[in-house]
Every structure is written in C-alpha cells, then in structure tokens.
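Full structure from sequences and hints, please.
Chains Z and F are the protein sequences, given in the same order.
Under our numbering, residue 442 is the last one in the first sequence; the count climbs by one each step, no gaps.
Under our numbering, residue 1011 is the last one in the second sequence; the count climbs by one each step, no gaps.
No lab work stands behind these hints, which were simulated from the structure alone.
All values derive from a computational prediction rather than experimental measurement.
Lysine to any residue pairs mimicking SDA-like chemistry, simulated, CA-CA at most 20 Å apart:
| no. | chain 1 | residue 1 | chain 2 | residue 2 |
| --- | --- | --- | --- | --- |
| 1 | F | K77 | Z | G247 |
| 2 | Z | K88 | Z | T121 |
| 3 | Z | K413 | F | K948 |
| 4 | Z | K420 | F | I741 |
| 5 | Z | K278 | F | R942 |
| 6 | F | K458 | F | A369 |
| 7 | F | K77 | Z | Q385 |
| 8 | Z | K420 | F | G742 |
| 9 | F | K77 | Z | S286 |
Residues from chain F shown here face chain Z by an in silico Cβ test under 8 Å; the list is partial:
| no. | residue |
| --- | --- |
| 10 | V83 |
| 11 | N868 |
| 12 | D914 |
| 13 | Q931 |
| 14 | A940 |
For each residue, glycine too, the CB sits at the ideal point set by N, CA and C.
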Amino acid sequence: MDNNLIDRMEQVPYRNLLNKLSLFILTIVFALTLANPVVAATTVLPTQAVDTAAGEALFKANCAACHKLFKKATGPALFQVGDKYEKKWLYSWIKNSQELVKSGDAQANAIFKEYNGSVMTSFPQLSNIDIDNIIAYTYTAKKVATTAVVTTASSNANSGGFSNDLILGALVMVFVLLVVMLVLVQKTLKRIAEANGVAYAEAQERKPIWQAFVDNQFLVLVASIFMLLSSAYFAYGYLMQVGVDQGYTPVQPIHYSHRIHAGDNQIDCNYCHSSARKSKHSGIPSLNVCMNCHKSIGEVAETTLAEGKNEYEVDYNAEIQKLYAAVGWDEDAQSYTGETQPVKWIRIHNLPDFAYFNHSQHVTVAGVACQTCHGPVEEMEIMYQYAPLTMGWCINCHRETNIQVKENAYYEKIHEELSKKYGVENLTAAQMGGLECGKCHY
Amino acid sequence: MASNKKYWKSVEELNPNSAVVEALKQNEFAEPIPTEDFLGNKNVLEGSSTTRRDFLKYVGFSTAAASLAACEGPVIKSIPYVVAPDQIVPGVANYYATTMADGYDFAHVLVKTREGRPIKIERNDLAHHGGVNARVHASVLSMYDKNRLTGPRVYGAESTWQELDQAVAQGLSALGDQEVVLLTQTFASPTTQALIQAFKKKYSQVRHVAYDMVSASDALDAFQEVYGVRALPDYDFTHAAVIVSVGADFLGDWQGGGFEGTYAKSRIPKNGKMSRHIQFESNMSLSGANADKRVPLTPAQQLGVLEIITGASSSATLSEELTLAAQQAKAQLEKAGAEGILITGLPSLAAQKMALNYNRSVASKMMNADHPVMKYSASSTEVNEVISGVIDGSIKGLITVGVNPVYAFPNNKFEAAYKVLDFSLAFAMKDDETATWAKLVAATPHYLESWGDVQVKKGSFALAQPTIRPLFNTRQFQDCLMAWTGQEATYHDYIQSFWKENILNGGSWATALHDGIYQSDFTSTGTELPKISTETRTFDVGDGMALCLYTKTGLGDGRQANNPWLQELPDPITRTSWDNYLTVSAADAKALGLTNVNVANGALNGNYARIQVGATVLEKVPVLIQPGQAKGTVGLALGYGQKAAIQAEMQTGVNAYALYQDFASVQSVQVQKTEGTHEFACVQLHNTMMGRDIIRETTLEIFNTKDKSDWNGVPMVSKDHKEIPVTSPEADLWDSFDRSIGHHFNLSIDLNACTGCGACVVACHAENNVPVVGKSEMRRSRDMHWLRIDRYYSSEDSFAGDTDKKDNISGLSSSLSEFAEMENPAANPQVAFQPVMCQHCNHAPCETVCPVAATSHSRQGQNHMAYNRCVGTRYCANNCPYKVRRFNWFLYAENDEFDYHMNNDLGRMVLNPDVVVRSRGVMEKCSMCIQMTQKTILDAKREGRVIKDGEFKTACSAACETGAIQFGDINDDQSEVFQQKADDRMYHLLEAVGTKPNVFYQTKVRNTKEA
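Written out as structure tokens, the structure is:
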C-alpha cells in the first residue's frame, strides 16, 4: 500500500459522472452476460435422470460450508467428484464418514488423514438420489472467469464516455460560434447606423460609481460593518471546523466494505464489534473474528467481484488475500502458518484524550443504535466519519434523548424521584446529569 | 472550641516572628512568577536586538503557522490483535490475585491489568493478613523500570540461558568440594525450599544461607529458643486493651509490619472503650506518633524499662521520670492481663525473650505463636560467617538471590573479596552493586511476571502468578534450579503438582489460584535451624550517641530505590522526600551546633554531619532536627545511597548499611558538624493552614463523659449580632441544591484510625496518573500529590494557656521565657495525622472564582475539574481554604527536562488509560476518583441492578488498611458512610467558612488515662 495514500485525508463525497455512466452501461452488459452464460468446458453429465437444480440447492444447504467446487477448503474440492470415487463408496462416506474410517477403509482413512482428522458431518438424512443430484451438480461447468467480460464492459464504458465528451465539445463549439456571430452582427449594425447618420447621444462624464460610494460615508460605514461581520462569520465558521474531521475517509490497508458485511450480508454490528456491549471501546475485531467466516469464504460471488471492480476499483478477492496474508492462513494447506502481520488500520473516530466516551453506556444501557453516531454504515463502502464528534453534537443528543429506564432496576428509584421533580414523564440524559463536565472529562 | 491545643507542623512555626511562616500563610504559591527576571533588567531589554515590532511579527507568524498546522489532523493507527486472547476485552480491566514476596515486603494483592498490562495493585480482601503498604502499591512501577537487566550475562558479556546453564555447571564442578554459599532472601516458599534441597543434593558443596537485608535475627532467635520454630510471632491487636511497645515500630516495618489494620480496630472508641497505647522509643516513629503516650529515651534506657515491666532485675539506672513511666506501663499491663501486649524492637535476644515470655506468661490474646509469621528467617551468625568466609577465602563461590550484599553488607572488605571470588553468580532484577561484580548474572523477572508460592503465616499459603508476559529475557530462580537439577518441567508445573500433592488436600487448584490464598496444615520439613546468637547487648554507647537505624515508609530496605513514586512520597513523620538524613533532637543539635533553616520560599536547609561507627565513617550526612527524638540518640534510615542501576535523580541519601554492624539496629556513633548546607525537599511547611481549627481531638474521658458540644461543637457565626451555628440555613449565603436524589458521595476520614502510613498517597498516584516532579520541584512547593497526609505536632500545653502567656509578653525577658516554653513541647510533641484531599465542597470557593467555569459541581457531590477548559489563572487555588489544588508548572510527561516514569515508553505503561494525563498550565486536584464511581454506576446500569454499599470506592479508601478512609453514598441510609456522618465524632474541616464539604473527619480521641 502506498504510504502517501494512507497518510492523506481523502474525501470522496461524489463519484464523477463518468462512473455513473459506466455503471449504467455495466448493468446492461451484466444483464446480457447473465442471460447467456458462457460455458467453457462442457462435460456430458453422467445420467440425464438427475436434477442438477435440486443438487445445487442441496449442495448450498449442506456442503458449501466446507466444500468448494474448484478449490480445497475444509474438505476437498468437489468438482466432478463422481470421477474420483465410486458412487457406492460416496454414499456410505457422506452418510457416515466416521463409520467408514473406523471400518479401516483405506481410501477413507487417507482422506481423513489428509485433512488433519477433521471429521465430516454425517448426513444420514440424504437419500442416494439426493447424493446423485449433488454429484450431478458438481459436474456443472465452471463459468468463464468474469475478467474478460469486465474488460469489455469497461472498454464499453470508456467508449460511452468518449462520445459524451464529444457532445460536450460540440456544444461548446456551437456556443463559441454563437458568441462570434453575435459580435459580428452588432458590429455590422453599428456600421449600418453610422452609414445612415444616426448619431449617438454622447454619454456625459459621470462620476464613477466607486467615487460615489466613497463619497457616501454612510454607505461606507454600513458596507464595512457588513463586510466585517460577514468575514467574522465565515472566519468563525472556518475556525470551528478546525479539528472536526467529519467525512474523514482514510484509505485503509485492507479495503473493507461495511456495505457488503453489514448491508448485503446483514451481519450484526455487535458480531464483530462485540466489546461495544461491555467496554468503553467498540474494538476493532481481531483477525480471528474475520476468519470465523473467511476461513470458508476465500472468494466473493462473481457479481460482487465485478461490482467491486467496476464501482470501487477494488478486487475483493485480492483484499481477502491480504487478510489471509495478515492472519497467516495458507489456503491450499487449509492451515495457519503462524506468520502473522497485524493490520495497521487507520483510526477514523479520534476523540481527544480528555474526553471519556464509553460504548457500553450508549449501546447496552441507552440502547442507542450504532447508526445514530456512525451513520448509515450498512451503505458505506469505505467507512468514514459521519458525525462531527464535537462537544456540541454530544450535548445536543444528551438534551434530546430520553434515558432507557425499562426493566433497569438501577433507574427505578432515581427516575421516579427526578421525573417528579422536573415534572416530566421521561427524563433526558441531560436531566440525569449528562451535561455535567466531570461525566466525560476526567 | 473543641480543641484548645496549639498545633504546628514545623519547628519554624513556633517562632512567632518567622517571616517565612508569615509569607507562606499569605501566599498560596510560595514562589512568585519571576517576572522581574525578564522584565526588571533594563539593560538586557535594551540590549536585545528584537524590537517590539519584530516580536509582534514572530507572534503573528507562529500563531498563523500553528493554526495552519492544526488544520491537518495526525493519522492515528489502531492495531488489533491477530488472535485475541479470550480474557482480554480492550477497555475492561482484569484482576488477578497474586502475592508479593520480594524478601522484605510480603503481601497478598490483586493486580489490576488493562489490555494485559498491570497498572495497579489492590488489596486482596480474602487475605486477612495486611501489609499492603505504600511500597507494595508502588511495586507495579518497579516492574516498568528501564534500568532492569534485559538478559543473562556470562563473564561480562550478554549471553543466553543455555550458556549461563553451562557456565554454572562448569563453575560448580570446577570448584569440587570447596564451599559454595547460596545466599538468598527469605522465600517462605515451600516449593522453592524443596527445589533448593534438590539443588543441594546435586551439588553437595552448596550451603544455603538466608539473608534479610534488614535483620530480624534476634527476634527470630528468641522465638526459636522459646518455641523451636524459626519464625516471628503474629499479633492481632483487635481486642487489645493495653499495648506497650518498647522500641518496636509495629505500625512501620517492625517484624514485617502489617499490623495497622487490627491496631486501628482497637483504636476506635466503642462503648466507651478503646485501647491504650504506650510507646517507649528513641526515633520518632509512626507507632510513637500514634501512641497515646510516648516516652522518648535511649535504647539502653529502653532495656531498663523493659526490665522493669517484665520484673527482671534492672541493670540500668533510670531517671525518676522514666522509672515512673515504666511502672505506670507495668501497672496498666498487669491490669489488662491477657488483653495487654508487650512488644519490643530492641535488637537483643534477651530483650526479645523478655517480651515473648511476658506475653506467654499472661497468655496474651494478642499474640499468636501457633501460626507464626514466616517472612524472615535469616540468622546474623550465619550471615556473619558468610562475610568472613568470603573475605578469608574459605568460601570460593557465592550465589546471591534477591539480595544485594555488596551494597548492604556492613563490611568494606567484602566488595574486594567478592570481586576475586572463583565463582560468583547473582540473580538480580537490576544491575545492582552485586550484579555489577558478579561473574555470572541471571536476570530475574519481577514478581508480577513470575510464578511462586509463599507461606506468609504458618498454615496460610499463597500463590503468585504472572500478570504479564516477561518484559525481558528473564528466568526466575526456581526455573533455573529446575534446569540445573535436570528437571524438564516448568516451575509452574512443579508448583501445581507440589500443591496438589502436599498443600491442597484435594482442594481445587483453580480456586486456590483464583483466590490467591489457601489454608492448609502442610508443614515443610528438612530445614536445619541455625545456631542462636549468644551475644548480649547492653546498648551502652560509651561517650558517643546511640544511632538507631530504621527503615522509612517510602524505601524500606531500599530494594525499590529506583521507584520515583516512593522517592517522592514524603516521609509521614518528617514530611521530607528524596532523602535520608540524621534525625537529631533539638537539644543535641544545639549542643553540636547543628541547625535547620527555612529559606525564603519555605524550603528547608540543614547542616551536614560526619558520623562514625567504629572505623566506618560517613561524611556529609544531612541533619534534620526531629521533634521528639530522644536526647542522646540519632536516627538514620537504611536503604538509601545506592548508586548502581539507579538513575541520577534517585541516587539519593547516604548508605547507612555501612554502619549496620553485626546487623544490629543500635550502634554507638560519633557525630560532628561538617561544612556545607544540604537542601531538603521537605513539604512540612507547604500548604500551611494558617493556624486554624484543623485537627480536633479530645480524650477518651471527655468523650465518654461530656456532651458533644463540649468537644466537637459546631462553630458559631454572628448574624445580626446574634450567634448562630454555621450549619443553620440562616447562616448560608447561597441557595442549596437538592442533593437528596441519586448518589451523593461522601468521604469519611477517621483520625483515630489513620496511622499515616502513606499507602493511600501512592495508590492515588497510581490511579490518577499523578506526575512525579522531582526533588528540586518539591523544594519549590510544587509537589503534585492530590492527597497529602498532614502531620501536626501539638504541644502538651493548652492553646489558651499559650495565648495568655503571649498576651502577657512584653520585652526581652518575656520572649525568652516564651522560647523556653516552646522548646519543651518540641522535645516530645504529640502527633496527629490528617489526610487532606479536595474536600468537594458543596459551596466551593474555587468554583465561584474560575473565570472560564472549568471547575463546577455535580449533583453527586463531586467537584469537577475540566482540564481542557482550564486556562491556568490559578484563582481557584488561591481561593481554596484547604490548599488542595495543584498546578502543572510543567508538562511532566514526554518532557526531556524530566526523567521519571512518564518520560519513557516502559514507564508510561503504568498509566491508567481511564484518566487523562494533564498538560502544562492546568490545575488539577482530587476528583474523588470519579472514574471509579462512574465505572461502578455503569456496571450497575448495564446489569440493571441497584448498587450495594461497599461498591463505591476511591483509590485511597480501597488502599486504606485501617479503614480510616471510608467512601460511600450518603443518600443510601444503609451505607457505612451514612452512619459515620451521623457519628458524634464527625466534623468538617474549617466548618466556620461554610463551604459544606463532602469530606468529613472523625475527631481524634486519645486514651490518656493512666492505669
């Protein structure tokens, strides 16, 4: 990763027109691609009686957690697995692999050993037909890598952009032409007027406007006051922004998409940021948390991959590889190498040291949604600072937010007494003392 | 008025014409801002090439540059774990039970760790044995000492453990049958003892000798002779009626200390009763300071007193007064019977036996000989044999563990002999005097990085566990022994199997480790008892003075001398930090021509003395005149004067171990004045309270018989020429807020229970990231302690009497007589300790004067201080009647001008991440540990429950062994602090001012009744 890139505060509020256009074209291209899946290696399926669609459904429901078609995962790659093993053997293996291992079957023991003794779940509920279907599915051909498609797509997008420029250029040309014509017409008219002897009234030597302005003391006074006030206003506004990093979007060492994880996949924030419930820190998840899922997700879906490449210029698979490199995961051997390289994330939300903030107070006690302060994280491709994180912003929320007293024995007495005192039904955080200096500064 | 005594902190205050005292009364800040230095010198100003316009230009440019630079925020990186440990949640503290046993301090503690770093030591409430003193609290910082050894060393070169193992095996086998001594601290560890046995079995020429740098040999000998076990009796003063101590500073470090908890229980008047404590001693000690009656006398006279009390034939001739005092003590002890206790600190087998036998004869309930204390075991006879053996060459090899004999042996020939030993191996944490000259050096881990087990008291076993991975390439002594005796397992495995086999009796290892302590009746066998010393001491000092060597609360035996918290901790009695010194009585000082002078800013200067014990001379020992020091005696603290592996700032004081002949704490000494003036960092005149009614005390008799208004009355103020109590609403200038809802924190401080031990001061340092400022800043009254323990001396004479006298003074003759009057109390003053921190006034004077509203009040009773809002006008400190606000004159962290723990990466690891490190130019003060109260509240909120009494704590209240400091919520009428607020003894500091503090005190009651 380029260091300069990291160290720069990069703001990406808008994407340019070009990208939007390319998005549109891409969608069309995708639609076409999906409609006509290009088949690279056509293999004749062993039997016609099987239902590959049912097989696919079963595969995804039962096998995909540990098996991939073309790559080793927790278990072996299953592409055309029917060629490697006898069907009968496969039936008994899938239904109860451990029985087979114990029976001393050489083949079974070899596999068991190769995969470090990880026990395959038994699937006694699968019938032989089900298994046939799954096996049939594994013969489904591998789709051609989308890279080629993407290249065409982007070249298409480029050509679209070019034509756009052309139109703009032409418009500019027309505009310039019009201006030239206007000037020429005026000149001609003037000449005709002169020829016809039309005389212009000589403009009287008038006081220049600035002189008049200077002479009018009152106006000068008012204007300067106005100038001073407005410059003070803007200066104040500018200075108040110093140290406020709203919208701060640093380039992270791994392009991590909250949009995919929290948005598309609906993973709960607390799954990864588990300490937010019990600690002052929300915690950046340790890499072993990533590996809970990414142990079996080495690649993203093809559509997602293409989307990343086109929209965000990022290869998600390469980013997952970065994770593997950091955590020391050898994908081929399906084991940890022990060589780790902790990820140096760039911290986005930087509260000054003198302000104490506790996540658990807000998340667990107050039940504030993460989005209240962090914004629509589930839509953020790259995480940025949503809130200004200024004291005014904190205090405002404390003034407006009611405390959550329900089923919290701690609040029972104090809330009853205080709400009676203030004559309100629900107390705000401010009324509970949430504006006192020492609650956040110590 | 409740108290009609005159209180004073320094002898200087007894001088009615002292300009220094007057100046300090009027000025919150002893030193004015030195504007004169840079504005007053006209020549310099005119000679400067910088014109006013240039100056303005520079200011303009630098302001613009600074604001431009501020626009771009720094890039901060966050690095999460690759694989997060299960137990660690960033931001949540973990606590581990462990045991400190460094050979001097033995204590059961809980270690608070944050993100895997130990940051604070707490008391382990499961253990009923005290001893968690200031040094134990500070020990966490000693781990982050940048001067520690980072790895083993073989013949001067940095090396590996394999090489060291080889070198040890070669060295030991090369010596053949020639004697090698294994000189260790007292471990009191059953497993270590077993490992040493195994080591001795393998190398039969090895002899194990225990060595305590500060010896308790005579008491051990006495106990061994009487009970056949080498240990020290345990004491529990809870139900004591009469305590007579002859030279035993049992509230200090006498026999390992840790007795203040039970002592304090007996000191709080209950049903009209409290214990009576009589102290006979030479130095003014903590115990003497807390005694109801203190008699200053020389060690020889102490022996005489002891003989009178125990009814032995008296050899010494005592003055009439002393004889009377001794007989009175005897009478009271007799009356108390089994509820009386006699203890002595005299370094004499005979004296120790007298006390032991006395307690045995009256079957004193206070003494427990069945479960004696195992903290020390060294025999002076054996250690002396080692010294002479090394010097005469009969001992060829010396292995030292946890001790520093080159520094601490009182023999100047030892160092030269040690250097030429055939085989010398030092186990050390730092490159100390011994390790410097050792051929082989084994770097040992700190106790917070080690495994271990300790039997502090017989039958009471404790485990020590590491709380952090070793910071350096260290290996503990026990692991080395296992490697050298060919055992494959680790020491951890060894302890576990040893405990399962011998100690646990089927109990759970996990529970024992979790609790840190375990009761078992296991007795280790196989140790030979040393010979008992036959020497008899009479403490006859001939024509010299009696030198009483003692240990200070801060440094103890000097093992943690490189710990800035301990160096900066003011001694409870002298209020002097960063030094040891010869304490001399006023009368002797006059005779020897020694003086102490307070210079203009209140700092203390003193003469130097040359002192000589036998042939050993210490030149230039600073002299401090100590009220209450017995005439004819001088005191000097051990543990100072170290030079090796100690940074320059902390190489303080003189090495008194050189005078520790035969490991006896009493020596005959010649004192002579020498040239030079020593500058002390003494805070006794700092923050003086202008002679107001600060300490309230009364006697048990008055307390029992008279009405509260007589001895603890509410101050009256005049309104419309009528006297009304200051607490009445009419006297109040301000509207009060309603504080009856929610929590309202109050802190109660019991002056009867406070022994002045200073544990709270260090705990406060650790909890609140209080900076260390160093000796020269301390001298300038710029100490940063949020919590100070004021020590007041009081004259026996009544204040009223003094005033009468003073009023009648006219002319020279009267002032002379007044001097004579004042001299008498200084010879033997009464002492009172008073911890003072921010009083968190409900009507706080500081809040009203802050121009930027940086300090404000909360509903919960805490006075808040927003550092980031403070602009440093210091108005608040000027307006504070309690002098508890501290100003950051400098940035003390990451500042090259200072070299304490906040200025290196290792030392900063001890900082509490929940408390901000203050910057230059801001005020700070006690926050009533708001981070702790907020944490307690949050935990309750999160768990949806009501907070029980006892959950709220501050660092000081949690550290207080004696229960003198109690913290809680007074809106909870079940709470302890609520009861205490209603107590008759309760009073507020300077109540007449009407500040309505949230800290209150309990009047000190003294049991003055004779017999």
